[in-house]
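With chain A held as given, fit chain B onto it using these hints.
So the sequence lines, in the order shown, correspond to chains A and B.
With our numbering, the residue at position 47 of the first sequence is 47, and numbering never jumps.
With our numbering, the residue at position 57 of the second sequence is 57, and numbering never jumps.
Don't take each hint at face value.
Any copy will do: because identical chains look the same in the list, a pair fits if it lies in one copy or spans two.
As the list claims (entries may be wrong) - Computed cross-link-like contacts, DSS-like style, restricted to lysine-lysine with a CA-CA straight-line distance of at most 25 Å:
| # | residue 1 | residue 2 |
| --- | --- | --- |
| 1 | Lys-273 | Lys-139 |
| 2 | Lys-44 | Lys-262 |
| 3 | Lys-134 | Lys-86 |
| 4 | Lys-232 | Lys-244 |
| 5 | Lys-273 | Lys-75 |
| 6 | Lys-227 | Lys-44 |
| 7 | Lys-262 | Lys-180 |
| 8 | Lys-36 | Lys-14 |
| 9 | Lys-273 | Lys-244 |
| 10 | Lys-36 | Lys-244 |
| 11 | Lys-262 | Lys-134 |
| 12 | Lys-203 | Lys-180 |
| 13 | Lys-128 | Lys-180 |
| 14 | Lys-75 | Lys-180 |
| 15 | Lys-61 | Lys-75 |
Please keep in mind that the hints were generated in silico from the structure rather than gathered at the bench.
Predicted, not measured: the structure shown is a model, and the values here were computed from it.
Protein chains: 2
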Amino acid sequence: MEKVLAENGVQEIKLLAAINDEHEGVIVELSEPMSKEVLALMLKASIAQWRKQGKRGIWIKVPIEMANLIEVVVKEGFWYHHAEPKYLMLVSWIQESTHTIPANASHRVGIGAFVMNQNREVLVVQEKNGIFQKMGVWKFPTGVVDEGEDICEAAIREVKEETNIDTEFVEILAFRQSHKALFGKSDISFLCLLQPVSFDIQKQELEIEAAQWMPLDEYFSQPFVQKNELWKCSFDICLTKIDKSYSGFSPVSIASNLSNEKSYFYFNNRDLKWQ
Amino acid sequence: MEKVLAENGVQEIKLLAAINDEHEGVIVELSEPMSKEVLALMLKASIAQWRKQGKRGIWIKVPIEMANLIEVVVKEGFWYHHAEPKYLMLVSWIQESTHTIPANASHRVGIGAFVMNQNREVLVVQEKNGIFQKMGVWKFPTGVVDEGEDICEAAIREVKEETNIDTEFVEILAFRQSHKALFGKSDISFLCLLQPVSFDIQKQELEIEAAQWMPLDEYFSQPFVQKNELWKCSFDICLTKIDKSYSGFSPVSIASNLSNEKSYFYFNNRDLKWQ
Chain A
1 MEKVLAENGV QEIKLLAAIN DEHEGVIVEL SEPMSKEVLA LMLKASIAQW
51 RKQGKRGIWI KVPIEMANLI EVVVKEGFWY HHAEPKYLML VSWIQESTHT
101 IPANASHRVG IGAFVMNQNR EVLVVQEKNG IFQKMGVWKF PTGVVDEGED
151 ICEAAIREVK EETNIDTEFV EILAFRQSHK ALFGKSDISF LCLLQPVSFD
201 IQKQELEIEA AQWMPLDEYF SQPFVQKNEL WKCSFDICLT KIDKSYSGFS
251 PVSIASNLSN EKSYFYFNNR DLKWQ
Chain B
1 MEKVLAENGV QEIKLLAAIN DEHEGVIVEL SEPMSKEVLA LMLKASIAQW
51 RKQGKRGIWI KVPIEMANLI EVVVKEGFWY HHAEPKYLML VSWIQESTHT
101 IPANASHRVG IGAFVMNQNR EVLVVQEKNG IFQKMGVWKF PTGVVDEGED
151 ICEAAIREVK EETNIDTEFV EILAFRQSHK ALFGKSDISF LCLLQPVSFD
201 IQKQELEIEA AQWMPLDEYF SQPFVQKNEL WKCSFDICLT KIDKSYSGFS
251 PVSIASNLSN EKSYFYFNNR DLKWQ
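So here's chain A without its partners, still in its complex pose (with noise of 0.2 Å):
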């Protein structure tokens, strides 16, 4: 650890290790188990220097085995950045500049799943709990996109987990963002078409109450289907799609030579062929 002269210039207090990011700014992550009061010496010494220095962010890291540690940070002036289930994030602005520290995740992601068979059956679930429950509306498959998990793996995935259907993913007919959803984050759901691969289904028992392959019309006849109209409006993408002419966006996996890792773009590659 690197040590500076305190301000009566007699008594030497250790910096915090930190790490230069590339915006001007520092990033500590708290390892060692310290004290409030050795932590609170520290980190006043610390802030001092990398102000000299000109930096400008700075962001401090600390695991839950430390929450004792979360209020002498506080104090110094900084507030919450994230938190992951085993830490929290804190971050403060040290200059009189504006702050330009980016946002946390704003986004929650979906998926909704069209899966039909040859007998113009689509597959469509009961929930056991939730809104739809308690009306008895018969769905499409749908799910949450975990963190680091492509869309188009995340709509394969959710169709086994509730049904036991293997199927392959086609493409996006379309997607909806709202607002004010769980925790008051937005969201982005996007509807998938899906071929099947295996027709038997064998529901999953935990969030499952039934699953069957039921024919359009009768799913379309729903009194809830007939009032919505995202979902009629949906249901008459996945229609045209079937019976007449329509594109939608097909994961195509292409490299950046930012990260050099190949990742999903997803366009309409009717109208344009890529390679």
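Relative to chain A, chain B alone:
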């Protein structure tokens, strides 16, 4: 506050005020300052009571002013769920069953804006910081979609902020999902087509080094673009859109009878005209 007999049958301990949620759980918002010792007693007694009642997920919201109380909650087996600048939300599952606590927001969402004038010039910027600055790349205006903000509104706002050009939103041409972005979150970036309605550029001071209308050929001939498969594909989509025929997804404001609020549904409304 409710009171119950403590396990020794003699002393009464107050229970924490809690609201039931829709999933057999409860939500506690700490608001009255209290000592760590008092909270520890109340929390233990409350958990015993909730367990008897069959409650499952327990949520505790701790405002930043009460950061000193976090360690007490952690000691009772709670973990961090999410944090916003002024509070930390902790959660615990007090039954034997597998927990079904929903994940925290998982994605950051961004836009890139393709804006072309009548002379086949594209609106491009050079940034002041970051990786593109070092390489001197001219790029489309880009930015982050805020929590609660519509994607189409964010695209218009970012173009206005960076270049002072007013635009109308046309459609989403494509999007990319990538992983392990900032803070380990996933990222979805939408490539948007916008129509300019003003043409005098005035660049933003804070983040933009330069901005201009650049001939399409000149943009495309930049070495960085030539080497980047993702950027080449994006540009190819833009060219197909303006010179041939390409359908992206357009925003249509649609109500869902679950929320009673309208939100944007994005789909190919060349192939499906909706009302």
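Hint by hint, which ones does the structure fall short of?
-> Hints 2, 3, 5, 6, 10, 12 and 14 not satisfied by this model.
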